[in-house]
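Listed in order, the protein sequences are those of chains A and B.
By this note's numbering, the letter at position 157 of the first sequence is numbered 221, and the numbering carries on one by one without gaps.
By this note's numbering, the letter at position 108 of the second sequence is numbered 141, and the numbering carries on one by one without gaps.
Hints were generated in silico from the structure; no laboratory data involved.
You may find that some hints are simply not true.
[Stated by the list, open to error] Stretch by stretch, here's where chain B covers chain A in the computed footprint (C-beta under 8 angstroms, at least three residues): (1) 83-97; (2) 101-108; (3) 183-193; (4) 203-212.
From the three backbone atoms N, C-alpha and C, an ideal C-beta is built for every residue, glycine too.
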Amino acid sequence: MKAGKLTRLALLTALALIIFIVELHFPNLIPLPGVKLGLANIITVYAVYKYSPKEVALIVAARLILGAFFGGNVSALMYSGAGAALCLAGMLLIKKVIPYRYIWLSSVVGAILHNTGQIIVAVLVVGSFAVVSYYPILIISGCIAGAFTGICAQLLLKRDLPEKRSDV
Amino acid sequence: MTKGVKIIGAVVLLLLIGSVIAMLLNFRESDNTYVSILQNNEVIYSFDLSEEEDRTFRIESPQGGWNDVKIEDGRICIVDADCPDKTCVHTGYLRSEGVPIVCLPHKLVIRFSDKESS
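Work out the full structure, taking the sequences as your base and the hints as a guide.
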């Protein structure tokens with residue numbers, strides 16, 4: 065990996081981490097496990113459309129691990145890890161069929177998959193399907209949060225992509 | 034709008050509508066008074082809230098950590114816990130069948146149960 069690229073990836077990771085930590089200080093309007101805006105995913109969506117799958121995975125993994133330690137909630141790592149893995153896999157898969165104007169939709173799909181991963185881990189951890197009753201509200205909050213972060217990422221990409229991508 | 038966008042959009046929309054319906058059905062306030070407290074998916078407490086006196090008690094987790102559960106006026110909530118996020122505390126009183134109080138770090142679930150199992 066070239067030093068220039070490494071630096072850009074590191075910068076994005078740092079940005080995502082800062083957004084993540086700032087968001088931790090927001091009061092949570094809907095105090096249910098797994099419901100949050102996930103502003104750091106603006107960087108994830110941006111990176112999915114800007115870098116290779118391997119590089120995106122590096123950014124997200126570094127942000128998750130550092131975020132868990134900085135945020136002091138290491139046990140949340142398995143939820144966010146499973147969610148992020150599923151989310152990334154899904155977004156990278158549908159990246160090819162989603163044109164640049166609909167990046168927000170890909171972000172919504174990512175958010176839903178993220179919440180799906182979290183619920184699966186929660187069912188395994190708690191050992192009970194009681195937590196599945198949270199799934200509908202997670203999907204709804206995921207759609208809203210995903211659309212919001214997706215639109216932010218789309219606006220960023222619009223200013224950032226080379227000229228040939230004028231269809232954004 | 035390409036075919037891929039249409040298909041994915043339709044799936045997302047269906048999921049969203051389904052979730053809204055599920056939520057409306059699930060999240061109504063419950064008049065049930067039978068409550069179970071589960072830890073590691075085993076029922077550790079089970080009672081009829083309408084017959085319980087007001088009190089606060091601590092549930093210790095075998096993995097370490099605790100949750101303080103309060104019963105007041107036939108309602109139940111977690112008032113304090115030593116978990117990092119305190120989501121269970123912020124959830125407030127148990128209101129509906131669809132929203133159990135969950136403390137993921139301590140694998141604790143408080144939810145309404147059927148009369149028979151109490």
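Worksheet item: Of the hints stated earlier, which fail here?
Response: As far as the earlier hints go, only 2 is violated by this structure.
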